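2 protein chains.
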Amino acid sequence: MRFDVTILGSSSATPIYNRNPTSQALNINERIYLIDCGEGTQQQMLRFDVKPGKIDHIFISHLHGDHYLGLIGLLSSMHLNGRKKPMYLFGPPDLLKIINVHFEYSWTALNYEIKFYPTQTNHSELIYENQDITVETIILNHRIPCTGFVFKQKRPLLKLNADQLEHYEVGRNQFFKLKQGEDFIAADGEIIPNAVLTIKPEDPKSYAYCSDTLVEDSYLPQIQNVDLLYHEATFMHDLLSRAQETHHTTALQAGETAVKAGVKKLLIGHFSARYKTLDGLLEEARSAFKTTDLAIEGKVFSV
Amino acid sequence: MRFDVTILGSSSATPIYNRNPTSQALNINERIYLIDCGEGTQQQMLRFDVKPGKIDHIFISHLHGDHYLGLIGLLSSMHLNGRKKPMYLFGPPDLLKIINVHFEYSWTALNYEIKFYPTQTNHSELIYENQDITVETIILNHRIPCTGFVFKQKRPLLKLNADQLEHYEVGRNQFFKLKQGEDFIAADGEIIPNAVLTIKPEDPKSYAYCSDTLVEDSYLPQIQNVDLLYHEATFMHDLLSRAQETHHTTALQAGETAVKAGVKKLLIGHFSARYKTLDGLLEEARSAFKTTDLAIEGKVFSV
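Going down the list, the protein sequences come from chains A and B. Heads up: the first sequence begins at 1 in this note's numbering, then just goes up one per residue. Heads up: the second sequence begins at 1001 in this note's numbering, then just goes up one per residue.
Just so you know, these hints were derived from the structure itself, not from any lab. Worth double-checking, as some hints may not be accurate.
Part of the chain A face toward chain B, derived, beta carbon under 8 angstroms [claimed, not checked]: (1) 43; (2) 98; (3) 107.
Only a predicted model underlies this, so the values are computations on that prediction, with no experimental measurement involved. Glycine included, C-beta positions come from ideal geometry on N, C-alpha and C.
For reference, chain A alone in the conformation it holds in the complex (with noise of 0.2 angstroms):
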């Protein structure tokens, strides 16, 4: 099942230097869940070939413009090209308002639905599950309230071993069963464990976006063990005491914060626009933690 990441836009509050404001388009079995969508997140998205009408569901995580700027226009876009689906929209409660504020006094209204989730922004919650996946929130440390997501990959029906169901004569209505760890009765009463007749799927894999916030113990539970975790590091760490005062965290903490996690790889993003290069964001964080790639514009990231 294809899982993988897309990276919109990698700056922190103001763009500069190519770099664009905060948007990620996550697509898990085809379907895109984009996160977070910066100012000209809808021009990224034709740069970078996301289609549009692949996005059913849209995660904001805080109300700083660099994070949602983009989100009327993308909305506004996909009604003048005619989408009638409804959109699966998860923010701050007051998200709602500001978006309705821009569909009044445009005298818009809008050919399809918008489905609003407003986010509980003082604890964690599941909110959104479909076949393939789960939602929670993680609550973030930012100026103002804030939240990341985990995806996480549901455990994958087993795959059925065709050769072994060819030798031992497995009728098509014991598939369904084999593939959810079912043994397999014969006709003569022998038992056939459901190992010889399945081949073991991938482990599900799991997704972290953690952006804006201070750095902190609380959150470490949510990504622990996590596979691929995007951590904001808006800063290096001479600047900590920066980092601090505008409730954000610093390459270095990032890399940190992927040891505590124990998770398998980290991008790291939202780069200030002090920083016209970046490798020594990245020097840093990979001084704490090697496997740790940026998350600029275009990159692709397998989970």
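Using the hints provided, position chain B relative to the given structure of chain A.
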């Protein structure tokens, strides 16, 4: 005196083919007057080296997203980059409500003042004046209240002819009167006509911006004889009924309007996403009015 316009966006509602929503930076005597501010305008300003610090006046035509969704991000970035001087903002009355909603929910108190002037949308008015220019609104006919803008240079002071000043022994204390057109009375009572002592400056220039609108004769008097007319041309004329339905103009109509108004030069823009290339639109407008150009991203047109 410098007087030119840099095109930052040329697309109508939805951005596509590297075309951005509408925005233009009008440079008059090294002050930049920003006209409309679609999503991504601040990124376009970076791309085409338009300095935000030179902008003290922003004019928004109407509240469709493709004309103002970049404004909140631009104002935020100016705040984050330490702006202190006030910003003069002109636009429909509800624009201020939209801005306030964003800053309320992001807990932002700007460290500079927005001096907002709500434009009347039922009658034309003089909305701004300084030593260089006047700015008047044009009442357009769109689906929601919409104004265009005419920027007119004031007639500049006369220039002094240094050789003649020396010849007639004109004292410095007379210079300002001469620049204003007065004659000079020499010590012996001889009247030296102003024209002898001064050089006629260039005629004052004018720029008119008309987007979005049904084409109408009602605003012809205001754009009569302007040096440069920007007029939207969303569709080609085979889609006239679509243009009328959506209150837009065709390229042919834009060209005909330029003829009727006796303007010196025409720019067309606000192109529908259905046009991958723009040659057809240009050709059609030129069939009516030869000195037409495409208002495309990054182009700078002298007024």
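Now the hints, each set against the structure:
1. 43: holds, 5 angstroms
2. 98: Holds - the Cβ of residue 98 of chain A comes within 8 angstroms of chain B, reaching about 6 angstroms at its closest.
3. 107: Status holds, d = 5 angstroms.
The structure is consistent with each of the numbered hints, conforming to all of them.
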